[in-house]
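Make the full structure from the sequences, and use the hints.
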Amino acid sequence: MKFWRKWHKWAGLILGVQVLLWISGGVVMSVIPLELVRGNHLIERQQGALSEQPQSVSLDFSRWRAWQWVQRPDQLALQASDFEGNTHFLHPGTGQPLPMITEEQAKEGAQQQYLGQGAVKSVTLLEQLPGEVRGLQGPLYRVDFDDWINTSFYLQPYSAGVLRVRSDLWRIFDFFWMLHILDFEDRTDFNNPLLISLAIAAWLFTLSGFILLYHSLVKPNWRKLRHRVR
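In this note's numbering, the protein residues as written are 1 to 230.
Certain hints may be false.
[Said to hold, decoys possible] EDC-like mimics (lysine to aspartate or glutamate), calculated; alpha carbons at most 16 Å apart, straight line:
1. LYS107 - GLU84
2. LYS121 - GLU103
3. LYS121 - ASP82
4. LYS121 - GLU108
5. LYS107 - ASP74
6. LYS9 - GLU35
7. LYS107 - ASP144
8. LYS121 - GLU84
9. LYS107 - ASP82
Hints were generated in silico from the structure; no laboratory data involved.
In structure tokens:
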């Protein structure tokens, strides 16, 4: 039993660190409202009125599965989806593809949709995207604001539509979420081997603790009680 007690103490130290991280993650994720994490309070997602009314459209609609009007910072455009699922932004008068918006137009588009108190700090066109917008593909514009939570807007480079909102609240939440589920890459896998292994180890540790408790307290006291009865 001496060996098992010693093993139990060291295992408790190792597993205790992970349990502390699990609990810390739970505290952080319960304290920070999810709406603040997502940044919904920082963005105006309502589509505003078109700056100009479309007069005529030069477009072969048989080529497109769906289309809608969108307002770019510089002009009205057609957002059209083809039958392969690709999205295109077209000039309504010619039907030709529109170029990407400029950095100045990205700044203007971000400011129009931003509801916070900060000012634009920087605008960057990204080809390689950071992990905080995993799942998206470049190129995208990143517009950073100088508010107290360092808000970042990730914009669609042809329409200036906001695809993701990130802030320090989201980054803190994401860090503890990573520690909570132990998925250090995608932050989506609840069934990764490391999490399963530690969960099983924690269960076995708890079970062994009850067994040691029985041999240390319950069994000796039961023997004493039986001896007194005799």
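Quick rundown of the hints versus the structure:
no.	hint	in the structure
1	LYS107 - GLU84	31 Å, violated
2	LYS121 - GLU103	12 Å, holds
3	LYS121 - ASP82	36 Å, violated
4	LYS121 - GLU108	13 Å, holds
5	LYS107 - ASP74	12 Å, holds
6	LYS9 - GLU35	41 Å, violated
7	LYS107 - ASP144	9 Å, holds
8	LYS121 - GLU84	38 Å, violated
9	LYS107 - ASP82	29 Å, violated
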